[in-house]
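In terms of UniProt numbering, the sequence shown opens at residue 1 and continues consecutively.
To be clear, the hints were calculated from the coordinates, so they are not data collected in a lab.
Note that the structure is predicted; figures quoted are calculated from it, not measured.
Glycine included, every Cβ here is placed at the ideal spot set by N, Cα and C.
Please note that a few of the clues may not be correct.
Only pairs whose alpha carbons sit at most 27 Å apart, straight line, appear in this in silico BS3-like list of lysine-lysine [stated by the list, open to error]: (1) K207 - K373; (2) K244 - K158; (3) K15 - K28; (4) K542 - K370; (5) K32 - K373; (6) K158 - K54; (7) K570 - K557; (8) K54 - K370; (9) K373 - K54; (10) K54 - K32; (11) K570 - K669.
Here are the simulated distance ranges between beta carbons [as the list claims (entries may be wrong)]: (12) A112 - Q674: 49 to 57 Å; (13) M313 - D443: 29 to 37 Å; (14) D546 - K406: 43 to 51 Å; (15) M563 - D443: 51 to 59 Å.
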Amino acid sequence: MEFLTEQALEFDTVKEYLAQFALSLPGKQELKDLRPLTDRERIEILLTEISELKDIRAVHGHLPLETLEDIREPLRRSRVDGAILEPLELRQIYNVLYSGRGVKQFVDALDAQSYPCLRKKVESIVLIEALERAIARSVDEEGAILDSASQKLRQIRKELRIARESIQRRLQTFFQRQDYQGVLQDHVITMRHNRYVIPVKAASKGKIKGIVHDQSSSGMTVFIEPQETVELNNRLASIEADEKAEIRRILLDLSGQVAESRVEIEETLIALGELDCINAKTRLSERWNCCQPELCERKQIVLQQARHPLLLMQNEADPSAIVPLLLRFDDDFSTLLITGPNTGGKTVSLKTVGLLAMMTQAGLHIPAEKGSKLCVFDNIFADIGDQQSIEQNLSTFSSHVTHIVKILEQANDRSLVLLDELGAGTDPAEGASLGIAILEYLDANNAKCLATTHHDALKSYAYTQTSTLNACMEFDVDSLSPTYRLLVGMPGKSNAFVIAERLGLPGHVIRRAQTLMGEDLLQVDRLIRKLTKDSEELDRKKRETDAKYRGILRLEKESDLLMRAAEKEKQRILDTALRQAKNIVDDAIRQSQETVRSLPAAGREQGREKLKSLQRKASELHKALRTTRKVVNSTPSAAKGEPVTVGAKVRMAGLERSGSVLRFLKDGKHAEVQVGMMRLEVPVDQLSLLQQAKSSSEHRKVSISDFSAHPGDSHTLPLELVLVGKRIDEALDELNGYLDRAFLSGLPSVSIVHGIGTGKLKKAVASFLRSHPHVLEYALDNRNYGMTNVRLACCSPPANQR
Numbered sequence: 001m002e003f004l005t006e007q008a009l010e011f012d013t014v015k016e017y018l019a020q021f022a023l024s025l026p027g028k029q030e031l032k033d034l035r036p037l038t039d040r041e042r043i044e045i046l047l048t049e050i051s052e053l054k055d056i057r058a059v060h061g062h063l064p065l066e067t068l069e070d071i072r073e074p075l076r077r078s079r080v081d082g083a084i085l086e087p088l089e090l091r092q093i094y095n096v097l098y099s100g101r102g103v104k105q106f107v108d109a110l111d112a113q114s115y116p117c118l119r120k121k122v123e124s125i126v127l128i129e130a131l132e133r134a135i136a137r138s139v140d141e142e143g144a145i146l147d148s149a150s151q152k153l154r155q156i157r158k159e160l161r162i163a164r165e166s167i168q169r170r171l172q173t174f175f176q177r178q179d180y181q182g183v184l185q186d187h188v189i190t191m192r193h194n195r196y197v198i199p200v201k202a203a204s205k206g207k208i209k210g211i212v213h214d215q216s217s218s219g220m221t222v223f224i225e226p227q228e229t230v231e232l233n234n235r236l237a238s239i240e241a242d243e244k245a246e247i248r249r250i251l252l253d254l255s256g257q258v259a260e261s262r263v264e265i266e267e268t269l270i271a272l273g274e275l276d277c278i279n280a281k282t283r284l285s286e287r288w289n290c291c292q293p294e295l296c297e298r299k300q301i302v303l304q305q306a307r308h309p310l311l312l313m314q315n316e317a318d319p320s321a322i323v324p325l326l327l328r329f330d331d332d333f334s335t336l337l338i339t340g341p342n343t344g345g346k347t348v349s350l351k352t353v354g355l356l357a358m359m360t361q362a363g364l365h366i367p368a369e370k371g372s373k374l375c376v377f378d379n380i381f382a383d384i385g386d387q388q389s390i391e392q393n394l395s396t397f398s399s400h401v402t403h404i405v406k407i408l409e410q411a412n413d414r415s416l417v418l419l420d421e422l423g424a425g426t427d428p429a430e431g432a433s434l435g436i437a438i439l440e441y442l443d444a445n446n447a448k449c450l451a452t453t454h455h456d457a458l459k460s461y462a463y464t465q466t467s468t469l470n471a472c473m474e475f476d477v478d479s480l481s482p483t484y485r486l487l488v489g490m491p492g493k494s495n496a497f498v499i500a501e502r503l504g505l506p507g508h509v510i511r512r513a514q515t516l517m518g519e520d521l522l523q524v525d526r527l528i529r530k531l532t533k534d535s536e537e538l539d540r541k542k543r544e545t546d547a548k549y550r551g552i553l554r555l556e557k558e559s560d561l562l563m564r565a566a567e568k569e570k571q572r573i574l575d576t577a578l579r580q581a582k583n584i585v586d587d588a589i590r591q592s593q594e595t596v597r598s599l600p601a602a603g604r605e606q607g608r609e610k611l612k613s614l615q616r617k618a619s620e621l622h623k624a625l626r627t628t629r630k631v632v633n634s635t636p637s638a639a640k641g642e643p644v645t646v647g648a649k650v651r652m653a654g655l656e657r658s659g660s661v662l663r664f665l666k667d668g669k670h671a672e673v674q675v676g677m678m679r680l681e682v683p684v685d686q687l688s689l690l691q692q693a694k695s696s697s698e699h700r701k702v703s704i705s706d707f708s709a710h711p712g713d714s715h716t717l718p719l720e721l722v723l724v725g726k727r728i729d730e731a732l733d734e735l736n737g738y739l740d741r742a743f744l745s746g747l748p749s750v751s752i753v754h755g756i757g758t759g760k761l762k763k764a765v766a767s768f769l770r771s772h773p774h775v776l777e778y779a780l781d782n783r784n785y786g787m788t789n790v791r792l793a794c795c796s797p798p799a800n801q802r
C-alpha cells in the first residue's frame with residue numbers, strides 16, 4: 001500500500017490510538033508499524049483471533065497478561081559466556097515467564113474445541129518452571145537478593161546481623177559512660193566508609209582512642225571508630241565480602257540458566273507480544289463496538305452502520321452523535337460517484353470506505369455492524385485533500401493530476417481507487433471532461449473506484465454508464481443543513497436556488513437565474529427533486545416496516561419463552577403430584593402390613609385378606625397414575641366460541657392441560673378448575689371447552705377400575721429361586737425382582753434356595769425378607785436347611801390366569 005494513501009486516510013492516527021492499548025513497548029511499536037496485507041487467509045486469521053479473544057473476555061474474563069517487560073537486551077547479553085545479568089533484569093525475565101504460564105493455564109482451562117487460532121498462539125509459550133521458581137526464590141520485585149537464594153547466603157546474612165548487633169552494643173557503652181558526656185557530639189551511631197563510627201566533638205577527639213574517618217563540614221565534629229570496635233568492624237567487612245561473593249555466584253548461576261533457556265524464553269516473549277497486540281486490537285474492537293467484516297471473493301463493499309474512526313475518537317462521550325454510513329457497492333458496478341454540497345460529508349464517506357478497507361486488511365475489526373463485507377485489494381490508492389507543493393512549485397490542480405497519473409499507472413482489477421473532488425481546480429468544462437476520461441480509464445481496467453464531484457456533466461455520465469452508480473449526500477432544505485446520510489442510486493443537487501430564496505435573495509433575481517440556467521437543466525433539477533422525495537418516502541416506509549418486523553420477531557421470541565416456561569412448570573407440578581400420590585399409596589401399604597403383623601393370631605387371617613384387597617387396588621392405582629400422566633401430557637382438542645359452564649371439561653391456554661370447572665369466582669373473570677388433585681384459579685378467557693368425544697371408545701372416563709397391575713405369567717415363573725454361589729448384593733437384587741414378579745403373578749408362596757455354606761447368604765436373605773412389603777412370613781424348610789419358604793401377601797391374578 002502507498003504511504004501517501006495511509007497519510008491521506010489518516011491510518012497512522014488510528015494506529016497511534018490503537019497502540020495505547022498495548023501493555024509492552026514492543027507491542028506498542030508493532031501496532032504502530034501495522035501495514036495492510038493482501039493475503040486473504042492471513043487476514044482472516046488475524047480477524048478471527050480478535051473475535052475469539054472478544055468472546056473469551058465476554059464469557060471468561062480478561063486474559064491474565066501482566067505488564068510485559070522488554071527483555072530482548074538481557075537475553076542478547078546472556079549469550080556471552082560468564083555474563084552476569086542484573087537482579088532487576090532477572091526479575092523482568094521472571095515476569096515474562098510468570099505471565100506466559102498464567103496465559104497458558106488460562107487458555108488450557110477453556111473448552112478444548114474452542115478458540116483454535118488463539119490456542120495456536122499459546123502453543124508457542126514454553127513453561128520453564130524451574131528457572132521461574134529459582135528467580136522467584138532469589139530476587140524480589142525491587143531487585144534485592146533474598147535470603148532464600150541459597151542456604152549459604154542465609155547463614156552469611158545471619159552472621160552479618162550478629163556482627164552488626166555486636167558492634168552497636170559495644171558503641172552504645174560509650175554513650176552510657178559519664179566521662180564521655182562532654183566529649184560526644186550526639187548519641188548516634190552512624191556509618192563512614194562502611195565502618196560504624198560515633199560523632200565526637202573536634203576539641204575532644206584526643207580523649208577517645210581510635211581512627212578518625214571523617215569530619216563535618218563545619219569542622220566541629222569528627223567521626224571516630226573507637227579502638228575497641230576496630231576488630232569487630234574488620235570482622236564485619238570480611239563477612240560482607242563473603243556475602244558479595246555468594247551473591248555473585250547466585251547471579252552467575254541464574255544468568256547461566258537464562259542462557260541455557262534463551263531460545264525458549266524468546267519464543268515465549270514473541271508469543272506474549274503477539275497476544276499483547278491481539279489483546280490491544282480486541283480492546284479497540286470493544287471500545288468502538290466493532291465487528292469482524294466478512295471477506296468476500298467478489299469485488300464488493302457492504303458497510304452496515306459504519307462510523308469513521310476519527311469521529312469516534314472525537315465523540316467518545318457520545319458516539320450516537322455520529323451519523324453512520326450505510327453503503328452497498330456490489331460488483332455489478334465498478335464506479336460509485338458521490339455528489340452533493342460542500343461540508344455535506346462526501347469526503348468523510350470516501351475516507352470511511354478507504355480507512356475501513358485498510359483496517360480490515362491490517363487485521364483489525366471495523367466500527368460497523370454485523371453483515372459488513374469487504375473484498376481484499378492488492379492496492380488502495382487515494383487522492384484526497386489539497387496536496388499542492390510549494391517546494392515543487394505545483395498548484396492544487398497540478399498536484400492532483402500528478403498523483404492521479406501515478407494511480408493510473410498502477411491501478412488494476414484488484415485496486416480500490418478513491419478520488420476526491422474529481423475535476424476540481426480548473427475550468428469546469430475541462431475539469432468535467434478530464435474527470436470522465438479518468439473514470440473511463442479506471443473502468444476499462446476494472447478498478448473499483450469511489451469518486452466525489454460537483455460537476456453536473458459527471459452526474460449525467462453516471463446515468464449513461466451501466467457500470468457506474470450515482471450517489472449523493474442528503475441535504476435538509478428546511479434547516480439548510482446537511483444530514484450526512486449517503487443516498488445510493490440518487491444524484492446530488494446543488495440546492496442553490498432554494499438556499500438563496502430562504503436567505504432572502506429577491507424573487508425576480510432567482511427567476512432570472514433560472515431563466516439563464518435553461519429549461520432542460522431546470523427539468524433535470526425538478527426530476528432529481530422528485531426522485532429524492534420518492535426515495536425518502538420509500539426509505540421512511542421501509543424503516544417503519546423493519547421496526548414492525550423486529551417487533552413481531554421479539555413478540556414471537558417472548559411468546560416461545562413463555563410457552564416453554566409454562567410447559568416446564570406444568571411438568572414439574574405433574575411430577576410432584578404423581579410422586580406424592582405414589583408415596584401416599586406406598587406408605588399406606590407399609591403401614592397396613594405392619595398392622596397385620598401386629599394383630600393377634602385370631603384376627604391375622606382376616607387382616608391379611610383385607611391387605612390383599614388393598615394391595616390389588618394399590619397395584620391398579622399405580623397403573624392408573626402412569627396412564628394419567630399420558631392422558632394429562634396429551635394435547636386435547638379445544639372447542640372455540642362455546643360458553644364455559646360449571647362442570648364443563650376445559651383446556652387451559654398455554655399449559656396444554658385439561659380439567660373440570662368447579663365454580664366461578666365473584667369477579668366473574670376467574671374460575672376454579674380441578675386438575676387432578678389440584679385446584680387452580682384460572683382467568684376465564686384462558687379456558688376453552690374440549691370437543692365432545694366422537695365415540696365412547698376414544699375418550700371414555702378414566703377410573704381406577706379400568707386399570708390392572710402388570711401381571712407376570714404364574715405358569716412360567718418358577719416356584720423356587722436358586723441363589724447358591726452368588727454374591728450377597730447380586731443375590732439380593734435378584735431376590736427383590738423375583739418377589740415382585742411372584743407377587744404380581746398371584747403366587748401364594750415361593751422357596752428361596754440359598755444353601756448352608758458359611759451362613760452369610762442365609763442371614764442376608766432372612767434380613768431382607770424381614771422388611772420386604774410383599775412377605776407375610778418366612779421360615780427355614782424342615783427338610784432342607786439350605787432353603788427358606790416364603791409366604792406372600794399375594795396379588796390375585798387376572799381372570800384369564802385363574
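If any of the earlier hints don't hold here, list their numbers in rising order.
Hint check: 1, 6 fail, others pass.
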